[in-house]
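Enquirer: Below are the chains, spelled out letter by letter.
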Amino acid sequence: METLWFLQITFVLAAYVVLDGFDLGVGILTLTLPRNDADRRVLINTIKPVWDGNEVWLIAAAGALYFAFPLVYASSFSGFYLPLTIVLWLLVARAFGIELRSHISEPLWYPLFDVAFATASVLLTFFFGVAAGNVVRGVPLSSDGYFFAPLWTDFTPGLRPGVLDWYTVLIGLLSLATLAVHGAHYAAVKTTGDLRSRAGAVGRAAWSALVSTTVVSLIATLRVRPEVLANYRTHPWGWAIPVVVGCTLVAMRYYASAGRPQRAFTASAVFITTMIGGAAFALYPALLPSNTDPRYSLTIYNAQTGAYSLRIGLVWWALGISLAVAYFGVLYRSFRGSVSLEDELDH
Amino acid sequence: MDSALVLHRLHFAFTITYHYLFPQLTMGLAPIIVVLQTIALVNGSPRFQRAARFWGRIFAVSFLFGVVTGIPMEFQFGTNWARFANFSGGVIATSLAMEGVFSFFLESAFLGIFLYGAHRVSARLHWLAAVLLCAGSWLSGYFIIVTDAWMQRPVGFEVAANGTAHLTSFWALLSNEWAFWQFLHNMSGAVVTGSFAVAGLGAYYVLARRHEEFARLFVSLGLLFALVASGFQLWPSGDEHGRLIARHQPATLAAMEGLFHTEAGAAITVVGQPDVERLELDNPIRIPRVLSFLTFRRWLAEVRGLTSFQRDLWPDNIPLLYYAYHIMVGLGTLFIAITLLAAYYWWRGRLYDTSWLLWVLVLSVPLPFVANTAGWMTAELGRQPWLVYGVMRTVEGSSSTVSGGNVLFTLLGYMGLYTVLSILFVVLIMREISEGPAPTAEG
Numbered sequence: 493m494e495t496l497w498f499l500q501i502t503f504v505l506a507a508y509v510v511l512d513g514f515d516l517g518v519g520i521l522t523l524t525l526p527r528n529d530a531d532r533r534v535l536i537n538t539i540k541p542v543w544d545g546n547e548v549w550l551i552a553a554a555g556a557l558y559f560a561f562p563l564v565y566a567s568s569f570s571g572f573y574l575p576l577t578i579v580l581w582l583l584v585a586r587a588f589g590i591e592l593r594s595h596i597s598e599p600l601w602y603p604l605f606d607v608a609f610a611t612a613s614v615l616l617t618f619f620f621g622v623a624a625g626n627v628v629r630g631v632p633l634s635s636d637g638y639f640f641a642p643l644w645t646d647f648t649p650g651l652r653p654g655v656l657d658w659y660t661v662l663i664g665l666l667s668l669a670t671l672a673v674h675g676a677h678y679a680a681v682k683t684t685g686d687l688r689s690r691a692g693a694v695g696r697a698a699w700s701a702l703v704s705t706t707v708v709s710l711i712a713t714l715r716v717r718p719e720v721l722a723n724y725r726t727h728p729w730g731w732a733i734p735v736v737v738g739c740t741l742v743a744m745r746y747y748a749s750a751g752r753p754q755r756a757f758t759a760s761a762v763f764i765t766t767m768i769g770g771a772a773f774a775l776y777p778a779l780l781p782s783n784t785d786p787r788y789s790l791t792i793y794n795a796q797t798g799a800y801s802l803r804i805g806l807v808w809w810a811l812g813i814s815l816a817v818a819y820f821g822v823l824y825r826s827f828r829g830s831v832s833l834e835d836e837l838d839h
Numbered sequence: 006m007d008s009a010l011v012l013h014r015l016h017f018a019f020t021i022t023y024h025y026l027f028p029q030l031t032m033g034l035a036p037i038i039v040v041l042q043t044i045a046l047v048n049g050s051p052r053f054q055r056a057a058r059f060w061g062r063i064f065a066v067s068f069l070f071g072v073v074t075g076i077p078m079e080f081q082f083g084t085n086w087a088r089f090a091n092f093s094g095g096v097i098a099t100s101l102a103m104e105g106v107f108s109f110f111l112e113s114a115f116l117g118i119f120l121y122g123a124h125r126v127s128a129r130l131h132w133l134a135a136v137l138l139c140a141g142s143w144l145s146g147y148f149i150i151v152t153d154a155w156m157q158r159p160v161g162f163e164v165a166a167n168g169t170a171h172l173t174s175f176w177a178l179l180s181n182e183w184a185f186w187q188f189l190h191n192m193s194g195a196v197v198t199g200s201f202a203v204a205g206l207g208a209y210y211v212l213a214r215r216h217e218e219f220a221r222l223f224v225s226l227g228l229l230f231a232l233v234a235s236g237f238q239l240w241p242s243g244d245e246h247g248r249l250i251a252r253h254q255p256a257t258l259a260a261m262e263g264l265f266h267t268e269a270g271a272a273i274t275v276v277g278q279p280d281v282e283r284l285e286l287d288n289p290i291r292i293p294r295v296l297s298f299l300t301f302r303r304w305l306a307e308v309r310g311l312t313s314f315q316r317d318l319w320p321d322n323i324p325l326l327y328y329a330y331h332i333m334v335g336l337g338t339l340f341i342a343i344t345l346l347a348a349y350y351w352w353r354g355r356l357y358d359t360s361w362l363l364w365v366l367v368l369s370v371p372l373p374f375v376a377n378t379a380g381w382m383t384a385e386l387g388r389q390p391w392l393v394y395g396v397m398r399t400v401e402g403s404s405s406t407v408s409g410g411n412v413l414f415t416l417l418g419y420m421g422l423y424t425v426l427s428i429l430f431v432v433l434i435m436r437e438i439s440e441g442p443a444p445t446a447e448g
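Here the protein sequences come in this chain order: A and B. Taken in order, the first sequence gives residues 493 to 839; the numbers are from my numbering. Taken in order, the second sequence gives residues 6 to 448; the numbers are from my numbering.
This list has only true hints and no planted wrong ones.
A short list of chain B residues far from chain A (calculated; beta carbon distances all over 12 Å):
hint : residue
1    : Ala18
2    : Leu189
3    : Leu226
4    : Arg248
5    : Pro255
6    : Glu268
7    : Arg283
8    : Pro289
9    : Leu345
10   : Ala348
11   : Trp352
12   : Trp381
13   : Tyr394
14   : Gly395
15   : Ala443
So the derived label-pair ranges between C-beta atoms look like this:
hint : chain 1 : residue 1 : chain 2 : residue 2 : range
16   : A       : Arg696    : B       : Val396    : 56 to 64 Å
17   : A       : Trp731    : B       : Ala165    : 35 to 43 Å
18   : A       : Val703    : B       : Phe19     : 45 to 53 Å
19   : A       : Ala750    : B       : Ser180    : 53 to 61 Å
20   : A       : Ala732    : B       : Arg436    : 54 to 62 Å
21   : B       : Met420    : A       : Pro603    : 23 to 31 Å
22   : B       : Val11     : A       : Thr684    : 52 to 60 Å
23   : B       : Glu182    : A       : Val807    : 21 to 29 Å
24   : B       : Phe19     : A       : Ser597    : 28 to 36 Å
25   : A       : Trp644    : B       : Met420    : 19 to 27 Å
26   : A       : Val807    : B       : Arg436    : 40 to 48 Å
Don't read these hints as lab results, they were simulated from the structure. Predicted model only: the values in this text are computed from it and were never measured. Ideal placement from N, C-alpha and C gives every residue a C-beta, glycine not left out.
Could you build the full structure based on these sequences and the hints that come with them?
Expert: Pasting the structure below:
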């Protein structure tokens, strides 16, 4: 039962990164891609009706974590107090950066909104990677299951690590490269003409960065936390995960060059899902490992809630997620096809 | 009380109070927009279509502010109240996670269609999006109230061997009697906010002689909703809610009413300042026996005063609780008076020529926000000194690893951020109001 919930949380988290990932990626690309305001408007309009819904998957992931493993929620949210609060502020800034355009139609203010939107997208993507890095590296949990991580200490992943150290920063960069590529694929799917071909070019450039950060961070992970190999040794079928990662990397480059952005987008979505799945596979059954004493790690066993809630939760959760998938079907169908400038979305 | 705890409490109080200014408006406007959209769909009237679109824009601005200030709330249980989150997660994470999957997905998906899909989807689907948006926001309210109701009157759980609360009855949690009445009371409070905004803006347009074809529609529709909702606030929802407090939180009732000493045939206090040191009410104006009747339906029933409870069961800020409650009740009474008067003038056909009354409607727009805030302060200050009434004290719930300095840092950050948001909100709403519902060049 608790394993089922571990899988659920992994699934919702992956759904979040795949969905909000492309609109964060588009946010990163607004830094480099648009040549003029018309380009920028088209880019932003490709994500406008959907970004808010995509973000709800993050809330759902947090909700599922709290529901199934309350101690992990309580421990990690208070332990990562500062970075989490900063992430919340960035979410506010980003929401206004994107939405204010349709309320204040005076070009004077546009650069302000654009900078807020792009900066917040970059920093959020970076921080989400850092968060993942922190979980893989482990935190100094005490015997009661709590900890507090300062933003940084000496930037090394030692016994008193900060949220930012060289390893987590590296994962943050990996996250930036991943979502830049993913966003470029989405932009190529949803736009036409010149913008589309430039999105393809940016995507190919970011792809090189993605390949190198993927390789470097895999090596770094083995160095910082060699325990990640344990599950791969006991369950050799897990080696399929790095194989899929490699294949999707090749596939996204191939399809992007072949002018088939839909397939490239699918490849980057599978890449993201597999990377998250691989991390979850390596961590299982831990949810938040301790970097000091493995006995203090928070696992699906010592952090789970009552069996009755977990059982009944499966029923309403399955219903709720099926409904959500149905709504998203309607939403994406309503806004299918590519976006051009004539396609005004103002309400 | 250590300083970190005070800061944690202030942090939650500030962010939740600010947040709830927006949902009460959106939840209140939502049914009004649905009515406008439905009429527009049925008779195809462009006037109703534009009216719905106009309020849809106001709704969209408020909804955006509600979402961005609401996300921090979902995380704050963990960041600032970790020990509470861990203890009660076995119960309230059910209602919070259900809010996520059943209402947030619904709202966010159909908000996209409602806002940006008018020209992309059929009129029917667009109407359905408005209905689902309304349903989603009300459902969201229910799950939050279930969560709060469990903290007010914990049901359907047991404390497990590891010292945390585990759910034992899903239905007991969702059908908590406290949640039922609190929800009705809260939602009609939201409708008061929404309807006063609609009527007040209509009155402003009448006075300013602008958008006159919409002005009267707004006034009459707003008044209709306001009349029903403000009456419903008093009876049955307010009355029943008060009786639940009397039954389950008698010390809270005594503090709210400023009743220090047990009385048979207890009087209700209309005005007065509680003096907690001398255990007296200064400058009181009281109506004999009414409190006994309202609470127990018997004029001579005995109502327990604060001094009959152990001191460590008293709410920890009695004067603020007392004032919050009296502000809520006073304003609630005023809303009934205003709407009855305006409805009478409207019925006699003289409302639109009675400019003082239109001015009253305009100036009343902020008051329901105050009343709803005061109502929530009554509920949550009244719950003290407990986090989960009778089960977990507030001092036991905050995050022990987060220092006061860190809390102050983020509290100041939120204050700065929300100051900017407030200015933005006023600017955005003023722009919508000055543009108004009339057709523009783009149609």
